[in-house]
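Trainee: Here is how the chains run, residue by residue.
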Amino acid sequence: MSRLPTGGLIDRAKPLNFTFDGNVYRGFDGDTLASALIANDVKLIGRSFKYHRPRGVMTAGSEEPNALVTLGVGARAEPNTRATTVSLFEGLEAVSQNRWPSLALDVLAINQLASPIFVAGFYYKTFMWPAKFWEKLYEPLIRRAAGLGRASMLPDPDHYDRNHAFCELLIIGGGPAGLIAALLAGRAGLRVIIADEDRLLGGRLLSERHEIDGRPAAEWARMAAAELASMPNVTVLTRTTVFGVYDGREYGAVERVADHLPRATAGQPRQRLWKIVAKRALLASGAIERPLVFGGNDRPGVMTASAVSTYLNRFGVVAGRRAAVFTTSDSGWATAEDLIAAGVEVAAVVDSRTSRHAAAGRVQVAGAEVFLGAAIDDVRGRTARSVDVRMANGQSRRIAADLVAMAGGWNPSIGIGSNLGSRPVWSDTIHSFVLDSAPAGMTAIGAAAGRLSLSEALSSGATAAANVVADFGRSASPTAAPQCSDDPAAVTPLWHVATRKTKAFVDFQHDVTDDDITLAAREGFVSIEHLKRYTTLGMATDQGKTSQLNGHALLAEATGKTIAEAGTILSRPPYLPVAIGVFAGHHREAHFRPVRRTASHDWAVTQGASFVDAGQWKRAQWFARPGEQSWLETVNREVTTTRNGVGICDVSTLGKIDVHGADAAVLLDRLYVNMFSTLPIGKARYGLMLREDGLVMDDGTTTRFEEHRFFVTTTTANAGKIMQHIDYARQVLWPDLDVQATSVTEQWATYAVAGPLSRTLLQKMLPDLDLSNEGFPFMAVAEFRWNGMPARIFRLSFSGELAFEVSVPANLGDAFIRAAFDVGHDFDLVPYGTEALGVMRIEKGHPAGNELNGQTTAGDLGMARMLSKKKDFIGRVMAQRAGLVAADRPSLIGIKPIDRDARLRAGGHLLACDAASVAANDEGYVTSVAFSPTLGHSIGLALLKRGAARHGERIRVHDPVRGADIDIEVCDPVFVDPEGVRVRG
Amino acid sequence: MAKGLEISECQRFGLATVMLRKNANHAAVGAALQVAAPADPTWVASNELTMIGTGPGMWLALTETPSQHWSATLAERLAGVASVSDQSGGYVIFRIAGSSARTLLQRGAFIDLTPPAFGAGSVATTVIAHIGVIIWQIDDVPTFHVALFRSFAGSFREWLDTASVNLTF
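Quick note, the sequences are listed as chains A and B, same order. Taking our numbering, the leading residue of the first sequence gets 1, the next gets one more, and so forth. Taking our numbering, the leading residue of the second sequence gets 1, the next gets one more, and so forth.
FYI, nobody ran anything at the bench for these hints, they're computed from the structure. One or more hints might be untrue.
To be verified - List time: in silico DSBU-like cross-link candidates among lysine-lysine, alpha-carbon distance up to 35 Å: (1) B/3 to A/279; (2) A/683 to B/3; (3) B/3 to A/871; (4) A/14 to B/3.
Note that the structure is predicted; figures quoted are calculated from it, not measured.
Given the sequences, and given the hints that come with them, work out the whole structure.
Mentor: Written out as structure tokens, the structure is:
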């Protein structure tokens with residue numbers, strides 16, 4: 001056991017059992033999976049990406065590149081989970097990744113022997129030829145061998161919540177700078193949100209031995225957190241990662257609600273997405289310690305010094321018996337002293353700097369050798385056994401050590417600070433990149449701003465908070481930053497140990513070595529962005545949090561530039577991987593998007609309706625009866641019964657717009673190609689609307705109820721678009737007009753009642769109305785009362801039959817349809833769906849969405865005569881362009897198969913019978929087809945060059961996708977009742 | 001359901017879109033209806049009529065005691081001043097009240113519902129769960145009314161159910 005007898009922020013009274021690769025281990029409440037594995041002497045956690053080298057835990061935070069595991073089983077298996085951030089819970093199951101057949105014996109580790117060919121860019125170099133092998137051979141092979149964890153491929157069994165928040169100050173990170181800033185801003189009364197990815201606030205205060213205001217730092221952090229929790233104006237979000245900054249001072253964050261629990265209670269979301277709008281933000285995300293680049297630096301047992309300290313101080317575990325510390329910074333000495341204080345033997349402290357650190361004497365007293373101006377060349381052993389120290393005099397010493405702490409200096413964790421495009425700048429003070437200009441409203445504080453010592457971090461947090469408080473016109477309590485213990489933070493970077501003999505890793509997760517980077521530079525990839533893509537440096541799941549700067553420094557060295565000249569990269573959100581499910585939230589499967597149901601929906605369900613999606617609407621497609629063998633049989637019955645008796649169809653989904661005001665008629669004249677100012681009160685008229693470019697936009701009927709009160713209908717698909725179009729016209733184009741417009745689509749449930757018996761049926765339902773041909777002719781409209789409420793009846797027909805449309809308030813729609821069928825029982829009334837509606841409109845040659853497809857002109861659709869010459873209207877001028885009035889434009893025709901048993905299909909192309917099937921001979925295409933039960937064969941509508949003049953001609957439909965060509969006859973698009981006798985009957 | 005949360009649906013109401021005519025003004029609407037027509041996203045109630053500001057020169061007029069001829073009467077009173085479109089059948093109105101009501105709606109609406117940004121008397125036209133909604137706060141309980149198109153009622157109820165459960169975690 002590597003657990004120390006005392007210490008750490010763990011609850012030793014709460015042991016927890018967990019498994020790793022099937023072995024049962026025990027940890028404590030407060031452990032992470034990584035700390036618990038270390039406590040159980042588990043050194044080997046995973047295998048690396050390319051070379052399958054054994055890897056252990058390297059860090060104690062979310063930057064971890066090595067200790068990736070698959071957490072959970074079955075559908076809940078979460079690959080590439082960082083063991084360093086997983087809170088331990090009872091029954092946790094984790095397995096290692098990227099190894100076969102087992103973690104200890106991995107066959108693909110043989111890749112290491114072939115490492116000369118796995119250099120930077122090896123995919124491009126190795127698998128270039130023959131090109132056709134790429135998809136079939138190379139890619140599958142590479143994909144099997146490479147890659148990290150495997151997705152479960154099962155649907156996500158969890159559900160996810162969402163929240164929105166607004167605050168004056170968002171503090172990203174709850175370390176010392178974030179805590180003091182939150183305290184000051186909270187006490188001043190600002191609306192504050194403080195978010196930290198850890199389960200506790202405190203950051204490094206929980207991991208290092210400091211004093212603040214005379215208390216142990218962890219105790220101070222606990223008290224600060226308690227005070228923040230007590231403030232009603234402060235929201236504390238722990239286990240929450242702010243993963244991105246977006247325009248408008250918007251921040252994305254994910255809160256892990258149940259990931260740390262053995263089992264979520266019923267209904268508990270796994271995670272919650274937060275969208276936060278913050279007037280100001282303080283980026284207090286701290287800094288990440290850089291690894292050092294020396295031989296064998298990836299061996300299990302080699303860790304960042306800060307990780308060694310964290311495991312000691314926070315978790316009471318130590319990852320070895322005898323430690324060597326390799327440092328370029330003051331913080332490495334603190335780790336050496338942490339080890340000594342915990343009773344761990346420190347064999348050596350190797351400082352690449354020549355000056356003697358203040359702690360050197362104390363360390364030597366404790367028995368450690370101190371090497372100044374020295375470096376560790378190589379780590380020996382599959383897991384660390386010893387280190388080769390290159391001393392200042394050039395000689396080498398081998399020192400036994402199974403724990404190597406490396407302290408390469410600190411990189412401010414400013415990832416999200418460059419999300420919006422501002423490139424970080426080099427700081428000679430801390431030898432790393434810092435934010436130059438941050439996203440609007442954001443300021444970095446503490447270590448994230450390069451204020452690495454504790455006192456600097458606290459004072460920068462306090463100062464920034466005071467500024468924000470003042471900016472909001474509040475007065476801050478005069479609390480100065482608290483006093484803290486001394487915390488030297490100087491660093492002289494050593495980017496690379498050139499004398500190493502074995503592989504030295506820069507990007508641990510993607511197995512990019514120092515040699516890969518110099519090779520890339522030699523091959524001409526001298527820009528940071530090219531280097532990244534060629535070597536894949538920083539492109540693994542950790543996005544190079546530990547590797548980026550070391551890689552850039554090596555490139556700078558190889559190209560003879562300074563690091564400042566070589567520059568660095570920008571980072572995109574998310575800062576850490578985020579589950580797709582949390583973005584979807586409620587909106588998945590049946591809830592993927594909201595559904596619109598018409599007033600008769602529940603009634604239609606009881607009638608056996610099948611529904612089809614029309615945008616968000618659910619429309620009844622047909623109403624199958626017991627015994628019917630196919631949808632076609634059902635639809636044929638619905639059409640035939642309607643044409644011979646009476647049918648009813650819910651057409652409530654059509655767009656409906658009230659257009660009111662003294663200039664309503666003027667506006668409609670400008671919107672439509674035909675005239676509406678001449679429409680008599682109490683009449684409806686069909687209208688056609690063009691886009692500005694002269695092509696057809698939409699059609700529908702418009703009714704005039706009063707001099708200044710019109711009622712416009714649109715197609716279902718264009719309801720929203722036409723409402724926008726009308727608002728644009730009246731608000732932007734002609735704001736001088738007195739016109740008001742509003743959507744009333746939802747107000748009216750509308751039913752088409754069609755067929756020769758429709759009048760008889762409705763007259764029985766509505767005995768007070770005169771529906772006779774004389775009293776209520778075609779295109780007549782009336783307002784009346786149904787059940788005391790306003791209702792409307794229109795003599796309109798889409799089916800070509802004698803037909804009416806009745807509208808009642810939508811809350812009465814269900815009652816109306818039931819009342820119709822109560823009466824309709826005597827008439828064999830049938831409901832018909834959109835499929836029968838479509839069949840009847842094709843039989844009548846009415847263009848619909850397939851023909852109003854954004855490519856057709858009024859002339860193409862046979863409506864050129866509607867274009868008014870007495871007025872201007874939108875699209876008039878552009879519709880006169882040569883291409884839109886050309887004689888060989890495609891125009892609307894009907895088509896019938898010569899072989900009446902043949903089945904037409906929409907989408908087929910029209911060719912002369914003897915023409916070769918090539919695009920140059922294409923003369924048009926089939927837009928709509930249906931089986932016409934009225935005619936007993938398949939019919940279609942099509943757009944054919946000069947089609948209107950070619951009725952009677954024989955051509956063919958070419959359908960290379962779905963089958964053989966069919967010879968057809970070109971005919972008039974109106975198949976049924978071309979004289980229109982029935983509608984006027 | 002979460003503690004401090006009452007959700008019900010308003011059963012009987014009259015609702016109409018009122019849009020200002022060109023050359024008319026708020027004051028004229030107020031004078032015609034005997035209730036001030038707010039010029040900002042707020043609501044005002046008087047004489048069994050609530051005027052809910054939903055846009056420039058645009059209101060929802062609401063009554064909870066509608067006669068059968070309510071919207072026609074409203075149009076007559078506003079003749080020459082504003083256009084009226086009956087919407088009594090087109091919307092459903094949810095009443096969401098209790099100490100958790102604001103938290104619930106905030107999970108859905110990406111606008112600030114916390115005082116002083118939003119309080120009793122405030123109105124917002126926004127989106128919850130991809131569904132257009134008009135929210136107005138009635139009192140400091142707080143009680144909110146949420147109006148949406150009738151066809152979306154089922155999907156909105158499904159979101160309410162899920163969000164209410166999530167609220168307890």
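Trainee: Check the structure against each numbered hint from earlier and tell me which ones fail, lowest number first.
Mentor: 2, 3
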